[in-house]
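Colleague: Just so you know, the protein sequences line up as chains A and B, in that order.
Each residue of the first sequence is one higher than the one before, starting from 1 at the first, in UniProt numbering.
Each residue of the second sequence is one higher than the one before, starting from 1 at the first, in UniProt numbering.
Keep in mind that the hints were calculated from the coordinates and are not lab data.
Check each hint, because a few of them may be wrong.
Because identical chains share one entry, a pair is satisfied inside a single copy or across any pair of copies.
What the hints assert, rightly or not - Capping the alpha-carbon separation at 30 angstroms, the derived lysine-lysine pairs in DSSO-like fashion look like this:
1) Lys112 - Lys43
2) Lys80 - Lys114
3) Lys80 - Lys112
4) Lys138 - Lys43
5) Lys43 - Lys178
6) Lys80 - Lys107
7) Lys5 - Lys114
8) Lys113 - Lys5
9) Lys138 - Lys5
10) Lys107 - Lys5
11) Lys80 - Lys5
12) Lys114 - Lys192
13) Lys138 - Lys107
14) Lys114 - Lys138
15) Lys113 - Lys138
16) Lys5 - Lys112
17) Lys5 - Lys178
Residue strings, one per chain:
2 protein chains.
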Amino acid sequence: MSTYKLSYFNMRGRAELARYIFAYAGIQYDDIRIEWVNWPTIKPSIPFLHLPVMEVDGVIIHQSLAISRYLAREAGLVGKSILEQAQIDALVDSLNDFTTLIPWNEKDEILKKKLLDDLFDNEAPVLLQNLANQLGNKDWFVGDSVTWVDFYWDVCFTTFITLRQDFAANYPNLLALKDRVEAIPEIAEWIKNRPQTVL
Amino acid sequence: MSTYKLSYFNMRGRAELARYIFAYAGIQYDDIRIEWVNWPTIKPSIPFLHLPVMEVDGVIIHQSLAISRYLAREAGLVGKSILEQAQIDALVDSLNDFTTLIPWNEKDEILKKKLLDDLFDNEAPVLLQNLANQLGNKDWFVGDSVTWVDFYWDVCFTTFITLRQDFAANYPNLLALKDRVEAIPEIAEWIKNRPQTVL
Ligand SMILES: [Mg+2]
Ligand SMILES: [Mg+2]
Chain A
1 MSTYKLSYFN MRGRAELARY IFAYAGIQYD DIRIEWVNWP TIKPSIPFLH
51 LPVMEVDGVI IHQSLAISRY LAREAGLVGK SILEQAQIDA LVDSLNDFTT
101 LIPWNEKDEI LKKKLLDDLF DNEAPVLLQN LANQLGNKDW FVGDSVTWVD
151 FYWDVCFTTF ITLRQDFAAN YPNLLALKDR VEAIPEIAEW IKNRPQTVL
Chain B
1 MSTYKLSYFN MRGRAELARY IFAYAGIQYD DIRIEWVNWP TIKPSIPFLH
51 LPVMEVDGVI IHQSLAISRY LAREAGLVGK SILEQAQIDA LVDSLNDFTT
101 LIPWNEKDEI LKKKLLDDLF DNEAPVLLQN LANQLGNKDW FVGDSVTWVD
151 FYWDVCFTTF ITLRQDFAAN YPNLLALKDR VEAIPEIAEW IKNRPQTVL
């Protein structure tokens, strides 16, 4: 059996999708949470200088989505055809593109508010309407069973509402999907017991 | 046999990786190049409002990397194990992250120069050193045969040198890899005959 070490900071952030998949699949792993104070010392040893990284049997994989796709493949969460895989990958990247636009590190609070307002007023509706169209009245985004993009939606949702409480209020099917993911017993258990962090 | 329509603008940009894979695999496709003047009319009909999109047998896939990964899988260019797939995905995303940092749309030429200088002085060496480490003295980034991340390196290289001519001069193994990709007969043929565009 493989051994897995996932290294990230003590937050959900870019590691939480991998943690959902680990929880869902019942795979044991080391959930290593690096303290900020130790990061400058550790950073030079990390490929491409970014967390998360995951060590699988001594091999290091970097990039959060590469890690998550790897685990999703192990867990049977990548769709049932290469077309479904591609549709899932595309939705994941669209959610990720939005996440990347969030001015996480903007120190000027007034500018940050302005940038966030612009993002949630103008970009979010495009993303959400297209996600809602893709979901329609199905249970899951792609195919007839849960995949890793459904998990990613819940992970993103949980963080986006900390930035704008009602951002998805007009999309009942997307809200229902979030509830459906959070009701999966292994995910519910993880959410209940995970370390509580703001992001 | 499937029919493929790839829609993008008349530039290499985010469609060129897919075009390399089509060329390499000898797959026929419609290389649709939308004129800027027509884009506002077409845009509302495009999922997530972004090009490229690819239509495969009537199904539309969005997101450049999802499209390219799909084609790479068809063409046998995704690596030989799920670990190789993940290593390739990670390198692709690291190259893509750098591309995303380029201030493509900055109108202020002085600010643009400053941002580009910062990017190529400070970020590029981290990316390049890590890519060079990954490549080592092998012929290809991952495993023992060419994969889609080797193509992506050549695609990125071709555009990055238009921004800073000597950006990779200190990385002979990366330069040799670019030459190796461009010497693949199907790729050489495509590069010779493709529409000539700046980006
Ligand atoms: Mg990333
Ligand atoms: Mg993209």
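Colleague: All hints are to be evaluated individually against the structure, with a verdict given for each.
Modeller: Taking the hints in turn, this is what the structure says about them:
no., hint, in the structure
1, Lys112 - Lys43, "both (27 angstroms within a copy, 29 angstroms between copies)"
2, Lys80 - Lys114, "neither (42 angstroms within a copy, 47 angstroms between copies)"
3, Lys80 - Lys112, "neither (41 angstroms within a copy, 44 angstroms between copies)"
4, Lys138 - Lys43, "between (43 angstroms within a copy, 26 angstroms between copies)"
5, Lys43 - Lys178, "between (34 angstroms within a copy, 29 angstroms between copies)"
6, Lys80 - Lys107, "neither (44 angstroms within a copy, 45 angstroms between copies)"
7, Lys5 - Lys114, "neither (39 angstroms within a copy, 39 angstroms between copies)"
8, Lys113 - Lys5, "neither (36 angstroms within a copy, 41 angstroms between copies)"
9, Lys138 - Lys5, "between (35 angstroms within a copy, 27 angstroms between copies)"
10, Lys107 - Lys5, "neither (32 angstroms within a copy, 44 angstroms between copies)"
11, Lys80 - Lys5, "both (28 angstroms within a copy, 23 angstroms between copies)"
12, Lys114 - Lys192, "neither (34 angstroms within a copy, 47 angstroms between copies)"
13, Lys138 - Lys107, "neither (41 angstroms within a copy, 43 angstroms between copies)"
14, Lys114 - Lys138, "neither (36 angstroms within a copy, 48 angstroms between copies)"
15, Lys113 - Lys138, "neither (35 angstroms within a copy, 48 angstroms between copies)"
16, Lys5 - Lys112, "neither (34 angstroms within a copy, 40 angstroms between copies)"
17, Lys5 - Lys178, "within (27 angstroms within a copy, 34 angstroms between copies)"
Checked against the numbered hints given earlier, this structure breaks hints 2, 3, 6, 7, 8, 10, 12, 13, 14, 15, 16; the rest are met.
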